[in-house]
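Residue numbers (this note's numbering), protein chains in the order written: chain F, 1 to 295; chain V, 1 to 118.
Treat the hints loosely; a few may be bogus.
Claimed, not checked - Chain F stretches covered by chain V per the calculated footprint, using a threshold of three residues with CB under 8 Å from any CB of chain V:
1) 180-189
2) 215-227
3) 277-288
Source of the hints: derived by calculation from the structure; they are not laboratory data. None of these values were measured; they are calculated from a predicted model. All C-beta atoms, glycine included, are put in the ideal place defined by N, C-alpha and C.
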Amino acid sequence: MMLPQTVALRDSWPAGLPQKTELTQVPFFPQKDYQCGPAALATSLANFKVKVTSDELIDQVYLPARQGSLQVEMLAAPRRYGMVSYQLAPRLEDLLREVAAGVPVVVLQNYGVGPFSKWHYAVIVGFDYQRGEVILRSGETERLTLAFPVLEYTWKASNYWAMVTLPPDRIAVTADESRWLEAVLAMERIGDALASKTAYASFLKRWPDNVTASVGMANRFHASGELNEAEHLLRRTTRRHPDSVPALNNLAQTLSDLGRHDEAMAVIDRAAALGGPFAASVAQTREAILQRRKQ
Amino acid sequence: MKSVTVKMICRFLIVSVMMLSFNAANAGMIGADQVAASGAQSERAAVLSVLGRSEVASQMQALGLDPKSAKDRVAAMSDSEVVALNGQLGSVPAGADGGALLLLVVVGLLVWWFFWKR
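Produce the complete structure using the sequences and hints provided.
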C-alpha cells in the first residue's frame, strides 16, 4: 500500500482530535537557497518567543559541502537555546495531535522522484479534515496547503521524520516517557541550569516516579545550593526506590554537605551494601564522608 | 598471560575514559546522565562517543566548517547521536529546498491513483 497512514486516517479520524486547526500565530521565515533547515528551526523556536533569526541558525545547522542541514543537527541546535527538542513517533496521528495542542511540527520531506532526492524541511501549522489537507510554512510560501496523500508521499521517504521544539516548562502531548527523558538529558548537556531545572520539574509533574529524573532534579537543587530541597526529594526517591544506589549516594552526599555526617554514613553504607555499577563512586563518597567526620 | 594483561588494561582504560567523560558538575554526586547510561547500550554509546566527538568534528571540518563551529555543534549532540552520525555525514539526508515542478507531477499521479484505486 502506497500511503497507509492517509488511508487509515481517511477511514477513521483519531478520537478526540479536532477536525480543523490552524496556528495562525506561527511566524514565517522565508528561506534562502538551501536554507530550509535554518528557516524551519527559526519558525519553530520563534513560535515560542525565542529570540533567534534564520541567519543565526545557518551557523548551527547548515553544512556547506552538503548544501543542506542534517536531521541530527536540527535536533541538537535548539538545545543551545534552552529548548527541548524531540523527534515524534513516525505517525501522522501524533503529528496532528501536536499541532492540535498548539505546537508546530518540523517535517523532513523528499520532493524527489525515483532515484533523485530533494530533501526539504517544512513546518506543519494546521490541518483540515474536511478538505483533506495540511497547512505548512514551506520555503518561500507562508501558507502552503498539501493534500494528505501528497504530504505522506513526500514524508514517507524520511521514515516519517518529524520533530518539535518546546520550552522546558512544556511537554509534547505525544511524548514517550523514556524518549522525553533522553531529550531532557540531551538539553542538560549544554543547556543552561535554569532550563534544565524547569525541564526536570515539568517531567516529574507528569511522571513523578521516574528515578533518573528525580536524581537529575535533586542534582539541580544541590548545584544551586538548595540542599534541603535536594534532601527532601532524594528521601522521597529512596523511599519509593530503596534499591537505587545513585539516589542513596546522592542523599548521603547531600546530608554530609548539610553537616549531618552520621546520618550520611548510615545512608552511604546502605548504598555500599547494594554493590552494582556505581560501587566505585559510592566508595569515593563514603571515603569523603569519613574524612569529614574525623574533622 | 599477555592477553589477560591486555584485557585488564582495556578494562581500566574504559572505566577511566568513562569517568573522564561524565560531567561531574557536583563533586560526590552521581549525575542523571550516568544513571541513564547504566544500560549496556548506553554505556557503549558513552564510551564510543568520547573519541567519536573529535572524529565527527573532523568530519564536519572536512565538509566546510571551521574547527570552533565543528566543536560547538558536536557538543550539542547527545552520545548516541554522535555515535550514529560518525562516518555517515556524507550519506544521511541534508534538507535544502522544496520543489514545485516535481510536486505537480506527484499531485497528478496521486489524483489519478485516488480516482482509480479507490
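>> Could you work out which of the previously given hints the structure breaks and list their numbers from low to high?
In response: none
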